[in-house]
Amino acid sequence: MAPSTEQLLEMDRQAWTIRLFEETLAQVYMEGKSPVFDIGSGTIPGEMHLSAGQEPVAVGTCAHLGQEDTVVGTHRAHHFAIAKGVDLKEMAAEIFGKETGLGKGKGGHMHLFDLKHKFSCSGIVGASFPVACGAALAAKKKGKDWVAVAFAGEGAANEGSFHESLNLAALWKLPVIFIIEDNSWAISVHKSKSTAIPYNSQRAAAYGIPGVRVEKNDFLSVYDAAGEAIARARRGEGPTLIEVKTYRYFGHFMGDAELYRPKDEVKNLKAADPIDQFEQTIIAKGLVSRAQLDKERETAVKAVDEAIEFARKSPYPKSEEALEHVFA
Amino acid sequence: MSNERELTMAKAIAEAISQEMERDERAFVMGEDVGVYGGIFGATQGLLSKFGPERIMDTPISETAFIGAATGAAAEGMRPIVELMFVDFFGVCMDQIYNHLAKNTYMSGGNLHLPVVLTTAIGGGYSDAAQHSQCLYSIFAHTPGLKIVVPSTAYDAKGLMIEAIRDDNPVMYFFHKGLMGLGWMRYPERSVNVVPEQSYTIPFGKADVKRPGTDITIVCLAMMVHYALDAAEKLSKEGIEAEVIDLRTLVPLDREAVITSIKKTHKLLVVDEDYLGFGLSGEIAAIAADEAFEYLDAPVKRLAVPNVPIPYSRPMEQFVIPSAEAIAEAARSLAR
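So the protein lines, in turn, are chains A and B.
Remember, my numbering sits 93 above the position in the first sequence when you count from 1.
Remember, my numbering sits 16 above the position in the second sequence when you count from 1.
Chain A extracted, bound-state conformation (with noise of 0.2 Å):
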């Protein structure tokens, strides 16, 4: 079923949320970092990965979920996090480790833990197959029609607990979606360097699945895709693999020099960007105006402000809350 108005709308908000949460962060991460770059220094320290143009995957997909349903992320997790629907200023707050983050400063932007919209990510690849599958089952025992989802990179999928979690749910019919963000690169190992066949989907055969090729970054193509094998799910006939071509503006983390891959590159994508085609596709059907869609993106600018400054303002956790909540 094709998309409400409603939802074209949310889908972009959400879109321009997640793609300007990511490029404030940039910003914000290089804070104190200069003239000297040191990973440990600054607002934002640590680790960051970025999934500006990566939008599509996770907006087409969580735009068929509801707050039952469970989301596994990566590493790589912000634009999962915004679709699935956490609050934007605890997830902030928790990267800029407060007190008031989500782990109160403990998790950072790898481990982010929303018990309210039953998501949570990992900085470990291919981490979160097994635990959908956890989640999936969890609902089959509960008789919900609640389904899981495990979103992984192409170069997770090499990985065992890949293999071992589609047995897993092929043979207990499992309500979960694997969903693979095939963005070209394992950070600097391309897919033709690391996957001994083109598509991830050919890999559902291996466990009698369904398995579905996305091939352009596309929210539309993904809310398809995404919503027949949801549906699928729901009705209690098992899982489903699909594999979206995607593509991660930054860097594997910031400060990759990302000497891997050729310089323009980056640059070619965005000419393509996937939410100026969705705008352009939606408004051409006449399904939103641009006038709808601007309004959109300043709730999503105002939104995203207003996360940064809550965050920004949040007192740190004291040093020895460090002793706390090792146990229940």
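Honestly, the hints are just simulated from the structure, not real lab data.
We put the CB at the ideal spot given by N, CA and C, even for glycine.
Among the hints, a few may not be true.
Stated by the list, open to error - Going by beta-carbon spacing under 7 Å, a handful of chain B positions derived as facing chain A:
#1 Met46
#2 Val52
#3 His282
#4 Met332
Stated by the list, open to error - In silico PhoX-like links for lysine-lysine, alpha-carbon gap of 25 Å or less:
#5 Lys119(B) x Lys284(A)
#6 Lys250(B) x Lys286(A)
#7 Lys235(A) x Lys309(A)
#8 Lys197(A) x Lys235(A)
#9 Lys406(A) x Lys126(A)
#10 Lys356(A) x Lys286(A)
#11 Lys66(B) x Lys356(A)
#12 Lys253(B) x Lys222(B)
#13 Lys266(A) x Lys286(A)
What the hints assert, rightly or not - What follows is a set of in silico ranges between Cβ atoms, one per label pair, in the way DEER data are often shown:
#14 Glu358(A) x Ala81(B): 27 to 37 Å
#15 Lys237(A) x Gly293(B): 36 to 46 Å
#16 Ala299(A) x Leu128(B): 30 to 40 Å
#17 Thr159(B) x Glu257(A): 37 to 47 Å
#18 Glu402(A) x Thr217(B): 54 to 64 Å
#19 Arg21(B) x Ser285(A): 33 to 43 Å
#20 Asn115(B) x Leu264(A): 47 to 57 Å
#21 Ser65(B) x Ala299(A): 53 to 63 Å
#22 Glu308(A) x Pro322(B): 20 to 30 Å
Fit chain B to the supplied structure of chain A, relying on the hints for placement.
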């Protein structure tokens, strides 16, 4: 002048690997981003252009497969050098390390030799949180069958790497990210030191007295060596002379160096960036109790990461990882 050149630890490690690969055609490198990228922490910088992709092999993110493959290739007479990007990622390949690489020599009655060097990055202090900041060498030292190397300077790093590659046993080689001399991470100047161009080895099981002293012994390794030296300089101004012992290898462990120093200073502080419980600091304290009890004038003091995961936020992280100030304070209270 070429004998007096200084290298970063990353460059010293890459040079050691390069020299051994020139000497021994059986040596080759496998790991994630070891090729064009030169290793995320620079340990294989420049090797791809020198040896080509047949010997410097970028791998898929399939640690069980390529670390297990190192065991298999070594059993066939090759000498693989294999990189696990962060030690924190051990979970995805632990069976191949713990139950195979470490044990196959023993289970074969000593018939099988596995000359594998498994390199990996350790250490925190830069807000990389609970899954990217651990040291964990004690976990690997705990299982019999793995030699454990943890250098603290470029000079030591090169000699220990060449020794590791020539060893006929599995060697885990832990390099601290904050000591590699990276352009994007602060490092102690002391970690960059004079490294001879010619090949040399440093034997395993030989601790290095990085600073002689008479009043207190500080046993440590990796980044904690530098923090202990900073602390020792401060303490010296207060009239306390600390002896700083860099263990350099955990397996084999230089028990004698620890005991000899205790006999001199009569006081022992163990500093570790790994977790406090069930680890290195407890092991060293046990050695002191077993073999130097009568020479101790005070209970052994241990300073390590309290038993919590490494928190992300700076104030909490800096609270749990021993600092130069915390080392000085612990040494002071012990020396009094």
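*Among all the numbered hints in the text so far, which are the ones the structure does not match?*
The structure breaks hints 1, 3, 5, 6, 7, 8, 12, 13, 17, 20, 21, 22; every other hint is satisfied.
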